[in-house]
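Colleague: Protein chains in written order, with our numbering: chain A, 1 to 298; chain B, 1 to 663; chain C, 1 to 188.
Please note: incorrect hints may appear among the correct ones.
Simulated pairs of lysine to aspartate or glutamate, DMTMM-like, Cα-Cα distance not exceeding 25 Å [to be verified]:
1. C:K177 / A:E176
2. A:K149 / B:D347
3. A:K246 / C:E65
4. B:K600 / B:E657
5. B:K481 / A:E103
6. C:K176 / A:E217
7. B:K350 / A:E164
8. C:K176 / A:E164
9. C:K177 / A:D205
10. C:K70 / A:D53
11. C:K177 / A:E164
12. C:K6 / B:D227
13. C:K177 / A:E106
14. C:K70 / A:E217
15. B:K426 / B:E457
16. A:K283 / C:E65
17. B:K265 / B:D347
18. B:K265 / B:E297
19. C:K106 / C:D158
20. C:K106 / A:E176
21. C:K4 / B:D471
22. C:K176 / A:E37
23. C:K176 / A:E71
24. B:K350 / A:D40
25. B:K481 / A:E37
26. B:K303 / B:E269
27. B:K350 / A:E176
28. A:K246 / B:D488
29. A:K246 / B:D475
30. C:K176 / A:E176
31. C:K177 / A:D53
32. C:K70 / B:E297
Since the hints were derived computationally from the structure, they do not count as laboratory data.
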Amino acid sequence: MPPSYGYFPGCTLRGTGVAYEESMLALFETLGLPVQEVHDWNCCGATSYMSIDEGSAFLLSARNLAQAHQEGHQELLAPCAACYLVLRKTQDYMQRYPRIRQEIHEALGNGHVGALASVRVRHPLETLYVDVGVDKIRSRRVREWRGGKVACYYGCQLVRPFAEADRDHNPMRMDELLRAVGVPTVEYSLKTKCCGGALTGTIHDVGVNLNRILIREAARTGAQAIATVCPLCQYNLDAYQWEIRKQNGDLDMPILYFTQILGWALGADVRSLGFQRSISGRKTIQQWFSHAEKEVYA
Amino acid sequence: MPEPRGPVRIGVYTCHCGTNIAGTVDCKALAQYAASLPNVVVSRDYKYMCSDPGQDLIRQDIREYELNRVVVASCSPHLHEHTFRTALRVGGLNPFYFQMVNIREQDSWVHKNKTQATRKAKDLVRAAVRRVAWHEPLERGRVAVHPDVLIVGGGIAGIHAALTLANAGKHVYLVERDSTIGGHMARFDKTFPTLDCAACILTPKMSAVRSHPNITLWTYSEVTRVDGFVGNYKICITRRPRYIDENLCVGCLECIEACVYKQAKVPDEFNEGLSKRKPIYIPFPQAVPLVPVVDPETCIEFKSGKCKKTCIQACGDRHAINLRMEEQREEIQVGTVILATGFQTFDARKTPYYGYGMYPNVYTALEVERLVNASGPTGGEVVLRDGRKPETVGIIHCVGSRDENTHRYCSRVCCMYSLKLAHLLKEHTGAEVFNFYIDMRTPGKGFEEFYQRLLNEHVHFIRGRVAEVTDWVYDPSEAGKLVIRAEDTLAGFVRRIPVDMVVLATGLEPRADTTEVRRLFNITCADGFFLERHPKLAPVNTFTDGVFLAGCCQGPKDIPDTVAQAGAAAAEAMALIDAGYVEMEPNTAQVNEDLCAGCKTCITMCPYHAISFVREIYKSRVNEALCKGCGTCAAACPSGAIKQNLFQDEEIFEEIEGLLTNA
Amino acid sequence: MERKIKLQREADPDWARRVSERPGCEGLFSCLQCGACSGTCPLSIYMDFAPRRIIALVREGFRTEALASKTIWLCTSCYSCAVHCPRQIHITDVMYSLKREAIQAKLYPARFPIPVLAQEFYRMVRERGRNSEFWLVLRMALRSNPFVLFGMLRTGWDLMRTGRLSLRRDHIPDVKKLQVGLLPREVA
Chain A
1 MPPSYGYFPG
11 CTLRGTGVAY
21 EESMLALFET
31 LGLPVQEVHD
41 WNCCGATSYM
51 SIDEGSAFLL
61 SARNLAQAHQ
71 EGHQELLAPC
81 AACYLVLRKT
91 QDYMQRYPRI
101 RQEIHEALGN
111 GHVGALASVR
121 VRHPLETLYV
131 DVGVDKIRSR
141 RVREWRGGKV
151 ACYYGCQLVR
161 PFAEADRDHN
171 PMRMDELLRA
181 VGVPTVEYSL
191 KTKCCGGALT
201 GTIHDVGVNL
211 NRILIREAAR
221 TGAQAIATVC
231 PLCQYNLDAY
241 QWEIRKQNGD
251 LDMPILYFTQ
261 ILGWALGADV
271 RSLGFQRSIS
281 GRKTIQQWFS
291 HAEKEVYA
Chain B
1 MPEPRGPVRI
11 GVYTCHCGTN
21 IAGTVDCKAL
31 AQYAASLPNV
41 VVSRDYKYMC
51 SDPGQDLIRQ
61 DIREYELNRV
71 VVASCSPHLH
81 EHTFRTALRV
91 GGLNPFYFQM
101 VNIREQDSWV
111 HKNKTQATRK
121 AKDLVRAAVR
131 RVAWHEPLER
141 GRVAVHPDVL
151 IVGGGIAGIH
161 AALTLANAGK
171 HVYLVERDST
181 IGGHMARFDK
191 TFPTLDCAAC
201 ILTPKMSAVR
211 SHPNITLWTY
221 SEVTRVDGFV
231 GNYKICITRR
241 PRYIDENLCV
251 GCLECIEACV
261 YKQAKVPDEF
271 NEGLSKRKPI
281 YIPFPQAVPL
291 VPVVDPETCI
301 EFKSGKCKKT
311 CIQACGDRHA
321 INLRMEEQRE
331 EIQVGTVILA
341 TGFQTFDARK
351 TPYYGYGMYP
361 NVYTALEVER
371 LVNASGPTGG
381 EVVLRDGRKP
391 ETVGIIHCVG
401 SRDENTHRYC
411 SRVCCMYSLK
421 LAHLLKEHTG
431 AEVFNFYIDM
441 RTPGKGFEEF
451 YQRLLNEHVH
461 FIRGRVAEVT
471 DWVYDPSEAG
481 KLVIRAEDTL
491 AGFVRRIPVD
501 MVVLATGLEP
511 RADTTEVRRL
521 FNITCADGFF
531 LERHPKLAPV
541 NTFTDGVFLA
551 GCCQGPKDIP
561 DTVAQAGAAA
571 AEAMALIDAG
581 YVEMEPNTAQ
591 VNEDLCAGCK
601 TCITMCPYHA
611 ISFVREIYKS
621 RVNEALCKGC
631 GTCAAACPSG
641 AIKQNLFQDE
651 EIFEEIEGLL
661 TNA
Chain C
1 MERKIKLQRE
11 ADPDWARRVS
21 ERPGCEGLFS
31 CLQCGACSGT
41 CPLSIYMDFA
51 PRRIIALVRE
61 GFRTEALASK
71 TIWLCTSCYS
81 CAVHCPRQIH
91 ITDVMYSLKR
101 EAIQAKLYPA
111 RFPIPVLAQE
121 FYRMVRERGR
131 NSEFWLVLRM
141 ALRSNPFVLF
151 GMLRTGWDLM
161 RTGRLSLRRD
171 HIPDVKKLQV
181 GLLPREVA
């Protein structure tokens, strides 16, 4: 029995990114990998906290790492790419800057700063690739892929500036995992081009423009869906297609989490994978993922 | 503790060095203090001790005061130890009765507080005065220098050095790893800034090498073992089998024509893989020696044993092809070695965001040199991998250079060759050419004028390091092209420029086997390139006497600088040979055989392989010619059997006592 | 006709040096001004000063220009610049430090949505330890430009019908302990 992975959902996975949590938990259960949510986790601070106060930003992550450590976790899964980056960055900066280490030490009280470095922050993409492996995933496939081509979109936080989850230029791990279950993936030149993050909520037109570029190019390569690893990317590409459609009339592309695709291929209950949460491409999702016994949107 | 032999009479000289020392250290007080020290007979201070009058002071005092020891407190021994030792010698005293105190680099230049600096200077002088009493007279040994020279590497550097030495009557072994000499220069089309044809200026020199009676040319060969020391090297060279006898082959090349492979199938290394060759081949038509090579990896006869061997038939009566040829070992003796092993180009796959290897129409500079060359894979026609002719070209500078992620240094030649390629590409295709640079580095003779010429040829110069080359099309006008996105920092906006062809100005890097080669010859590296003894004053010498450097193996440079350096290396070698002998610095170690226990600890510790084990008497012995005086063996010897001249225990202990005791 | 010339008394080189001493901003002075950062930044085409120019401004001590720019707020911290920089300068961290300073110095347009979002985010997490996207966007819109809410109606409806619009106001049990550690920085 492998040791359980500590799990840090982050605020978005309880809000707009709910399908990510659903599908990830379903996928990990299918693979027999125990996942345990860290109690009492707090928001990671994302980019906003770092824009206001550095010390507080690092403290938020330090507290999460301390919680995880206290609960006995040596590995901490953070599916949201932004949370993943912030946690990793906190560890990195604590190690490199004595001043930050000192601040955190004082703020956490008797929290052992050294322990924070001992918790390994993981992303499910990298965990599946390294701990489980492409071959095992391939051998556990239960359902045959009925869908079209998929463009794998990695976004920015996952592969920059730390290239541990995957490499920065032309990453391939998601592609390989999906191909292992029979999904044809396309050569997509914009794999790691930023989706604009929170810009769609603030400077809306600029944000939508960035996403228009991503979706148009995916369509041009022949992809009929986009697979993502980050809830903000998924949201941006999914929720604003109605605006993008104004210029590209026939676009209605499902934006899926890679865990949804893998979970489906490995036989998880279709309704536990959060397909019903998608806004765009619902017809396509119905065609691809509906199962003989169960409908996707029941 | 035994006393030094005889009465000791010391002269101490404190140098002001203008205000360099005197500005911080109170030299008069120092000189007065020195005069009060035991055994000091005379103590002076003077403005510039290294000058003639300064040295005269020493010489006169030796006579007048019958001095038998001298201490000079001034600058670093690196600068003037030799000067003052010579002054002693001229004054009639053994030069090694001298001790130098550095009160400049180690005192006045690094401290601000005058009182403390002066006190430190006093401590240092006191220590030196106590030490020098124990100095012994030493003589420099002499070793004869063998007149032959080994030059490793047959590029333009090796060729020029070889010709210079051979013309001076010295016998030269020129060893080259490839099957022909010529190096990278043989692959270039035109050279900057004159646009001279590289082959036209190189091949006469290559011919001269072949026909020179004083040059033994061994191609397809490698140095495998080096023993010995300056003036007396014993070197083993392995000559790989070409399977064609050089003495019998006349260079008719019929064998290549007759090869059973009617179509060439093997990627041609000379043309950077842009064309194909046969298993039996010659790298280029002007190869020296003009003898083909059989590649055992791809020749059918070697792989299966079942070939018609039409090559042997074509050779006919000459019987030059011998497929059973074996490698030969040669052992030679030389006095000096010149390393001219050259460079390799940066592998553009390490900067994947430029698309090399991913998009077919992204080229490296060396590939383009072959493309524009009339004897290249496309006969000088610039045709892309997909068959098209480029209408727009983007040349990206600094690929693999000036970059913490790849190489920090500037590769020095890329701006110039990028200008050259811009000119050649424009000339061959009429395309619109864009050069993307960070700084335009054109320092040599005629270089800035060449840049002006290119500006007037309407080549675009965009100052902005290219971030990426992409095939993602934003605007319909970009369809089917590669897009270069860069900030035009001078005009002030980000631009997308669609091009048909991308040329990467890849930098120069040290060869992959630099570590092995430097271990063979016992030299050091920095940044991967072989390290020169002094960047300004000894650019061709290494820290190993007798081994010299020439060309890009020492650092990126262009052809004029390479040739100049090759000449310099040849001159240094010639200086040793014509002097006939080499004087050794006497700070060597010696084993007291009575005390040596034969434990061999010193042998394993010696970084210069200078100690050998004499089996007959079961003792270690130091080869004083190889010994560099590092002191490791003396410190490591568990029996205390090794002493080192100029750093004997008594000398060191006295110096320590002098520093710590406040007289 | 506007007269644009910078006098040396307008530059603050001490400030430049202080910025370079902040964690993450070390390589500031080794910048070559090559422009690779601007070339790769997906938002540079919308910025008033490209990232390279911000570094140039900071180096020479032009504090007001740098802090009042829209550039620092358009930065989405995608780290493309940091990864491409040949001097390995963490440009993203420089941007963050300028954002923090701009908020401290109140050097941004009053209702500019991005700093407002950051501040509302900060408050919410301070209050409850977690944030709720719905309430966050609501508060941000009310403070910067309420009219954007109309444009968001469609998206809001889409999220609600797919069960992604959580009105829940999550909070962690021991938020007091968290607040003790978090610096009580008043962010107007």
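Colleague: Now tell me, hint by hint, if it's right for this structure.
Modeller: Here is how each hint holds up against the structure:
At roughly 44 Å between alpha-carbon atoms, K177 of chain C and E176 of chain A are farther apart than 25 Å, so this suggested pair is violated. Taken as a hint, the K149 of chain A and D347 of chain B pair is broken in the structure, with Cα atoms around 33 Å apart against an allowance of 25 Å. For the hint pairing K246 of chain A with E65 of chain C, the CA-to-CA distance comes to about 38 Å; that exceeds 25 Å, so the pair is violated. Between K600 of chain B and E657 of chain B the CA atoms are separated by roughly 32 Å; this puts the pair beyond 25 Å, and the hint is violated.
Between K481 of chain B and E103 of chain A the alpha-carbon distance is near 52 Å, which puts this suggested pair outside the 25 Å criterion. Of the supplied pair hints, the one linking K176 of chain C and E217 of chain A is violated, its CA atoms being roughly 48 Å apart against a limit of 25 Å. A threshold of 25 Å between alpha carbons decides the hint, and for K350 of chain B with E164 of chain A the separation of about 18 Å falls inside it, so the pair holds. Taking the CA atoms of K176 of chain C and E164 of chain A, the gap is near 35 Å; set against the 25 Å cutoff, the hint is violated.
Among the hinted pairs, K177 of chain C with D205 of chain A is inconsistent with the structure: their alpha-carbon atoms are about 40 Å apart, more than 25 Å. The straight-line distance between the Cα atoms of K70 of chain C and D53 of chain A is roughly 19 Å, inside the 25 Å bound, and the hint therefore holds. The suggested pairing of K177 of chain C with E164 of chain A is violated, with an alpha-carbon distance near 33 Å, which exceeds 25 Å. With a CA separation close to 67 Å, the supplied pair K6 of chain C and D227 of chain B exceeds the 25 Å bound.
With a CA separation close to 13 Å, the supplied pair K177 of chain C and E106 of chain A stays within the 25 Å bound. Using a Cα cut-off of 25 Å, the hinted pair K70 of chain C and E217 of chain A is violated, with the two alpha carbons roughly 28 Å apart. At roughly 9 Å between alpha-carbon atoms, K426 of chain B and E457 of chain B fall within 25 Å of each other, so this suggested pair holds. Distance restraint check for K283 of chain A and E65 of chain C: the Cα-Cα separation of roughly 50 Å exceeds the 25 Å cut-off, and the hinted pair is therefore not satisfied.
Of the supplied pair hints, the one linking K265 of chain B and D347 of chain B holds, its CA atoms being roughly 24 Å apart against a limit of 25 Å. Among the hinted pairs, K265 of chain B with E297 of chain B is consistent with the structure: their alpha-carbon atoms are about 12 Å apart, no more than 25 Å. Our distance criterion of 25 Å between C-alpha atoms is broken by K106 of chain C and D158 of chain C, whose separation comes to about 36 Å. This hinted pair does not check out: K106 of chain C and E176 of chain A have alpha carbons roughly 48 Å apart, beyond 25 Å.
Taking the CA atoms of K4 of chain C and D471 of chain B, the gap is about 40 Å. The hint is violated against a cut of 25 Å. Distance restraint check for K176 of chain C and E37 of chain A: the Cα-Cα separation of roughly 22 Å lies within the 25 Å cut-off, and the hinted pair is therefore satisfied. Annotation: proposed proximity of K176 of chain C to E71 of chain A holds, straight-line Cα distance about 20 Å (limit 25 Å). At roughly 44 Å between alpha-carbon atoms, K350 of chain B and D40 of chain A are farther apart than 25 Å, so this suggested pair is violated.
Straight-line distance between C-alpha atoms of K481 of chain B and E37 of chain A comes to about 49 Å, which puts the hinted pair past the 25 Å bound. Of the pairs offered as hints, the one joining K303 of chain B and E269 of chain B holds, with about 20 Å between alpha carbons and a cut-off of 25 Å not exceeded. Distance check on the hinted pair: K350 of chain B and E176 of chain A sit about 22 Å apart at the alpha-carbon level, within 25 Å; holds. Using a Cα cut-off of 25 Å, the hinted pair K246 of chain A and D488 of chain B is violated, with the two alpha carbons roughly 33 Å apart.
The hinted pair formed by K246 of chain A and D475 of chain B meets the criterion: a straight-line CA distance of about 18 Å does not exceed 25 Å. Taken as a hint, the K176 of chain C and E176 of chain A pair is broken in the structure, with Cα atoms around 45 Å apart against an allowance of 25 Å. Our distance criterion of 25 Å between C-alpha atoms is met by K177 of chain C and D53 of chain A, whose separation comes to about 18 Å. Only pairs whose Cα atoms come within 25 Å are accepted, and K70 of chain C paired with E297 of chain B is rejected, the gap being roughly 62 Å.
The earlier numbered hints that this structure contradicts are 1, 2, 3, 4, 5, 6, 8, 9, 11, 12, 14, 16, 19, 20, 21, 24, 25, 28, 30 and 32.
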